[in-house]
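Asks: Build the full structure now, drawing on both the sequences and the hints.
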Amino acid sequence: MKKLLFILFLFPSLLFAQKIQVEGKVTSSSDNSPLMGVSVQSEANQGIGTITDANGKYSISVDANTNLKFSYVGYKTKIINVETKRILNVQLDENVQEMGEIVIVGTAMKKSDLTGSVATVEGEKLVEVPTSSVVQALQGKATGVYVQTNAKPGAKSSIKIRGYNSINYGTNPIFVVDGLVIDGGFDLINPEDIENINILKDASATAIYGSRGANGVVIITTKKGKKGQFKISYDTWFSTKEFSKNIPLMNGEQIFNLRVDAYANAYMDKNPNANRQSYIDRYLANLNPQRNIIFSKEELQSYQDSVSYNWLDAIVQNGFQQNHNLSFSGGTDMGTYFLSFAYNDEKGQIKNSNYTRYSGKINLDQNIKKWLRVGSNNTFAYTDENPVVHDNTFINALRANPLLPISDEYWYLREGKIDNQSANNPLKDIKVINDYYSSRLMSSNFVNIVPLSDLNFRSTFSLDLMNVENYTYYPTTSTDSYRNAYNGQSVHVKSKYLNWQWDNSLTYNKIFNEKHNINILLGSNMSLYTYNYDQQNAVGYGNDLFSYKYPSGAPDKERFYLAGDFTSYSLMSYLMRLNYVYNSRYYLTLTYRTDGSSRFGSNNKWGSFPSVAVAWNLAQESFMENTQNYIDNLKLKIGYGIAGNQNIPNYAYMTLYTPSISLGSTILGNLGRYGNPDLHWEKQKQWNIGIEGNFLKDRLNLGFDVFYIQNEDLLMLKSLAPSSGFSNEISNVGALENKGFEFTLNAIPIKTRTINWDINFNISADKNKVTKLYEDMTEIYNLGGWTNNEIQREGNIFLGKSLNTIYVYQFDRIVQESDMDYVHSLQLGSRIIKPGDLLPKDRNGDHIINDLDRYIAGKSTPDFYGFFSTNLNYKNLGININTNFSVGAKRISSLYETLMSSYGNGGAHIDLLNRWSPEHTNTDIPRAYSEGGRFNLFETDWALQDASYLRLSEVTLYYNLPADWLRKIFISSLRVYVTGDNLALFSNYKGYDPDSGDWYPSSRKYVFGLNISF
Amino acid sequence: MKTSKIIFITILLLALGFIHSGCNEDFLNQDPQTSLSDNQVFESLDNVQFFLDGLYFEWRFTRVNRRGFYLMLGTDESQQGEYQMRTEAEQGGLDKYDGFYSEENKPIAELWSIRWPIVVKAGMAIDQLNKLLENASKEDSARINSFKGQASFYRGAVLLELASYWGELPIPETTKNSITLSAKRSIVDTYRMIENDLLTASQLLSDKLNSADLRIPTKWAAMALLGKMYMSVPLSSGLRNYGNAKLQFLEIYNHGGFSLATNVADLWDPTKQPGNEPIFTFYFTNTSPDTNQNQWYTGSRACAGNPTNYIGGYDLVLPTEYCRNDIEQGGLWEKGDLRKMESIRYDFINGDNLPSPVAGFGEDQLLPHIKKYEDKRIDGKQSFYDSGKNIYYVRYADVLLSLAECMNETNETSAAVQLINNTIRKRAWGGTLPSEYAWNPNMSQEDFRKNIMTERMRELCFEGWRRFDLIRTNNFVNYIKERNRWAKEASLISEQHIYYPIPITEIKMNPNLSENK
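Heads up: the protein sequence lines correspond to chains A and B, in order. Heads up: the first sequence at position 409 corresponds to 409 in this note's numbering, and the numbers run straight through without jumps. Heads up: the second sequence at position 88 corresponds to 88 in this note's numbering, and the numbers run straight through without jumps.
Check before you lean on any hint, since a few could be wrong.
So, partial list: chain A residues that the calculated Cβ filter (under 10 Å) puts toward chain B [what the hints assert, rightly or not]:
#, residue
1, 416
2, 486
3, 656
4, 828
Below, in silico cross-link-like pairs of lysine-lysine (DSSO-like), each with a Cα-Cα straight-line distance of 27 Å or less [what the hints assert, rightly or not]:
#, chain 1, residue 1, chain 2, residue 2
5, A, 772, A, 890
6, A, 557, B, 272
7, B, 508, A, 769
8, A, 875, A, 968
9, B, 508, A, 772
10, A, 270, B, 481
11, B, 508, A, 801
12, A, 841, B, 508
13, A, 431, A, 245
14, A, 557, B, 450
15, A, 685, A, 769
16, A, 767, A, 685
17, A, 875, A, 125
18, A, 227, A, 76
19, B, 426, B, 371
20, B, 488, A, 270
21, B, 272, B, 376
22, A, 859, B, 508
23, A, 417, B, 381
24, B, 488, A, 557
25, A, 549, B, 381
26, A, 875, A, 697
27, A, 834, B, 488
28, B, 372, B, 450
29, A, 160, A, 125
30, A, 859, A, 160
31, B, 381, A, 431
32, A, 751, A, 25
33, A, 369, A, 227
34, A, 57, A, 85
35, B, 450, B, 426
FYI, nobody ran anything at the bench for these hints, they're computed from the structure. By construction, the Cβ of each residue, glycine as well, lies at the ideal position given by its N, Cα and C atoms.
Replies: In structure tokens:
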């Protein structure tokens, strides 16, 4: 009321005072860049004000001699008397403590002080791809960051920074959300809440995280309110989803022929003198189901009717996704706020699967006193998911026998007259109830005190709490219940993750003689991570009345199963850092920290991690004066540092005995791990050399970094000789070298009032090599299989080779009749090789085909990868295109291999139509065979797939409605867009997707979206 | 104002420093909350029995699931099913003795790997217990000695298995916190260690018939194994001693208090008590983790359509033709021997469940199957995967058979015949041995040797001792070649196959084994 009166009172004077129109541009004093959104206000009359536009320009009508106040977050407020000037250009000075401030553990620091290698992705860039997953949104956005998506709903994408720097443990980076370190559950972060992401890549940049930074650090800063800018935004998008690829499969008739062929071949091997055709006519292709030994009655009927059944179609549907995000933000001199609420809903592509997420965010920042500032950043997220309970449901349906009529009556998929007991009927699987709820609260709260000018103390307490509840119910009619004779089974699993983190830092910042800028930081951290879960399985319900909701109704108490566990680990660290900048030309960063982890034994808990980095800004040198017209900035930087890794399972330094119950009493057992009291920190010694330049008034930006990382004392799961009585220990063994480069180019070839065209291109490469293993080992095999003793194709480690090798036989030939003499000269163990079968190459020429003939046929990591994106707009209309590529990786396609190993029992790939037969010998695909004992295609490099690809990942067409129209309806901006996601893929890969793999196809999405702000 | 601010800050900083340095070490000690370290286990005597029962569990584990039957493959009493043979080449090697019967054979590697943890952990426990004994009170000493007896028993028993099937062993040196891998030790050294352990066990373990905790071995179990050791140690070592063996068995015979179950059927009916016949038993139930899944591997696929049909399974291991047939057909069984129908299933109808063979899964689905693992408690209720009948490791019948064998070897053949007639064979015919089936007390020592091997199969078939018996009596090659279908077909078996090869994983990872040097 008072205010209203005041305005009324003021009104006449406004009318009659002498008005002048003041115009001008507000720029930053450090680099002359225009500042957008600067608040320009009359000091006397706060009702009069405006903000600067994208070019830093403003225009305001005020009385002469008014004091204008220019305030902007991150800059020192300036008050200037306009006198009678019509043009008033203003330069604002950075407020060092706020500018480009990224909040890292316990402290806030200026981004430009990071002399190391950092990639930045702005929030607006991030939401170019409409996705609810932050990791997925990062794909193709920053150099040196390799995101491998996983198309399966609910599955996590993996992210690697600068390739592989550890053998078994912790090759993923950590995420830091507003100062809170998290190392999992990234998908609960709403990409729309993100202001920007900084990816720290080298030791100097990550030094501040020492203990956790060995594999890079992804710093997420969420949106904050801005002073003087009240804003309401509503963002929404809708998308449909369809599978981006179909695998070409044989139809029913082709399957029929394949199976007949396979059984006839096996029969003829055993009975070489029999009459093949009459055996086929009598037993294999006989349409009388009583006589036919390989086809069931139903299959013969399908064959006669020429029908093929598509089981996959019976369980999939088109997906649909919608996303709504509403946010409010604003601020005054006293503080800022940002609130957001988001809703994301997804109907999965397998029937009965859904995903819903609700999330909210509150970020507050308040200046209580001149010397005291407090703030709190909070995110709450709740998800409700209904994933399909078994991983293989999709694949089972895909490779179901097309002669088998679709029905939910079978327990298992039937192949001929047999139930395939490893393939549940997918129609039954999708009826298993699976409800997965997770709720997460992330809260980071700080107190910032400035006791003396130049001195800053900050204490942050953060909490990360996640509760997960997973309820599954296997109805009495489900295959799982049938197989185990459970008569209805419920499974409840509840878990809780709680992590708190306390960070303190003291910063001293001073500029001496205008040229020497010194920044000293002392910091400390304590973090505690706890986890616990409990599980109850109840069986014997006998009916499906209340699903999992009423375990008291399950009578078979004898067969109940209970489990639970509690674990914790802790970290501590002390940190010292010195930043020195001379005259904006020479930069030096020194860091020293020590870190303690509870995961190591008492003598080895602590590790020390120093780093040093220097940079030189040539553009500021006097000898470069002539070039300053076209070189804005040219910075050379070099850094060396050590980062640490402790990402091993808890308690590995002790030999543990865990209780369980057997025969009604407690027993203590060890799970095979031998405790290693000498375990200590893994160390990454990292070199980084880089150059970055901005040219032609920022129209062209180039960056080039090379890195060399020597990983030592690698933490590894080491297999032990069986006679040691333990199967493995975790040990610091071996060394790994990793080197590579990153190149980035951003250019704005056209920039006019109406047309704007920019291009981004980047390419990264990394290559690793194992340089040392323990003792005199030259190779460590990854054993697996059902006896846990078979050498696997991946995961073996060879001295002098990449960590990511694929180790197989070499495909020699499909054996012809004329090769049989050679075949007989070989020792094949008990393998059968007849004409039409595959023969691996006897690489060492010893006439024995065994493990010694296997070789490294490729590696699963790319030689290089990158992306290209471009944005073109004309006035309000624009198009944005993103592509990404990866070259040189090999990949095993289990799906293709499965479909190529078919003998007509289940689904088969059409490539098998080209199989060997006595009439068709010119082929590299073996004959059909219904029994075991042969070499399989997938044991050789034949099956290895080229996983290089080029993907047209997104094309977005957008339109910003004209501001003039919008103003009339009180809208400040409105953008509409359509996006096609994953529109095209160029690759030779035979499975689903060379990037996301096989067990679930990737999707193509069409999105319609809208961003409004008021 | 300014002063108070600074004071405030200073206090904060001090508090911070205090907290950080004060709880520094404590904060970084996050001990496991649901397990004990090796040292913690032995800090209280109350924990030790849990640990030892854990060893029992681990040893029992060698009898669980598929791995429980590898030792029975490739013998003259049992062989694997056709479908298994066709699809599992390495496992097939165990019957064929072909190229897959090699150091790279995975089932053999598994048999090897699952036994060493028991040897090593028992060794670590013995060292811990010896240290505890040094300062123990009298009362504690008794407990510690009982624990030491158990640990010695487990180590001795498992080493005996390993030595019987592999010969010379790379037994590591163990102390309470360290393991030092070893090169192969000679047969003499290997068996001396076993002898020591079993002697220690027989001195320290209880002489009662059973312990309160049924798992805990008794003195009698240790003596039975000691006897078996003396009669099986390779002749070449000069340690074989039937006299010593006989002493062990006689002691059990005279003072153990054991007796044969009256009815053979009671031994194999999980709802009945076997009386005082078992000497050491692996106990199971129908509830995880105490099931053994044995029926899953011994039952017939033709009966597996209904998972709760208790005679169903997947044909991993079946009786050989010799073992399933009567004497008239060149087989094993005499008329009226009750053990035949208790050991082998010949008919496959179970109430409403009619057998239906699955095409493509072998022609042997309805040939006679092993019956000793059938667990009718699960019939119609639980999957045969939950089968969990107890497995006898050593029972009194074996002691009698072994005693008779030792008597024969020490020139008491007719007494040995009498013993067999009056105990084992008498029971086999339901308590009255028809005279035509009584053995002739005047048979030669050599005939007795032959007959006792046959009688051992009738009594103990599928209980896991056949391979041991074939090796120690030097009948391995001739009997298997003649009676095992796959070995006969392949005709590759020879003396070199008597011992399993030491697996490649051991050779590669143990620097003391010769290939590395």
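Asks: Between residue 508 of chain B and residue 769 of chain A, is the straight-line Cα distance small enough, at 27 Å or below?
Replies: 23 Å, holds
Asks: With the threshold set at 27 Å, check whether the alpha-carbon distance from residue 841 of chain A to residue 508 of chain B stays at or below it.
Replies: Given that 27 Å is the threshold and the Cα spacing comes to 24 Å, the pair holds.
Asks: Does the nearest C-beta of chain B fall within a distance shorter than 10 Å of the C-beta of residue 656 of chain A?
Replies: With a closest approach of 4 Å, the residue 656 of chain A hint holds.
Asks: Mind checking the alpha carbons of residue 450 of chain B and residue 426 of chain B for me, to see if they're no more than 27 Å apart?
Replies: Distance ~19 Å between residue 450 of chain B and residue 426 of chain B Cα, so the pair holds.
Asks: Given the hinted pair residue 381 of chain B and residue 431 of chain A, is their Cα-Cα distance within 27 Å?
Replies: 24 Å, holds
Asks: Would the stated hint for residue 416 of chain A survive a check requiring a Cβ distance to chain B of less than 10 Å?
Replies: Since the shortest Cβ distance to chain B is 7 Å, the answer is holds.
Asks: Under the criterion that the straight-line Cα-Cα distance not exceed 27 Å, is the pair residue 557 of chain A, residue 272 of chain B satisfied?
Replies: 24 Å, holds
Asks: Against the 27 Å threshold, does the CA-CA distance of residue 431 of chain A and residue 245 of chain A hold or violate the hint?
Replies: Within the cut-off at roughly 26 Å; holds.
Asks: Verify the proposed pairing of residue 508 of chain B with residue 772 of chain A, using a straight-line Cα cut of 27 Å.
Replies: Measuring from Cα to Cα gives roughly 17 Å; hence the hint holds.
Asks: Does the alpha-carbon distance linking residue 272 of chain B and residue 376 of chain B stay inside the 27 Å limit?
Replies: 12 Å, holds
Asks: Please work out if residue 767 of chain A and residue 685 of chain A have their alpha carbons no farther apart than 27 Å.
Replies: 16 Å, holds
Asks: Hint check: is the beta carbon of residue 486 of chain A less than 10 Å from a beta carbon of chain B?
Replies: 9 Å, holds
Hints 14, 24 from the list above are not met by this structure, while the remaining hints are.
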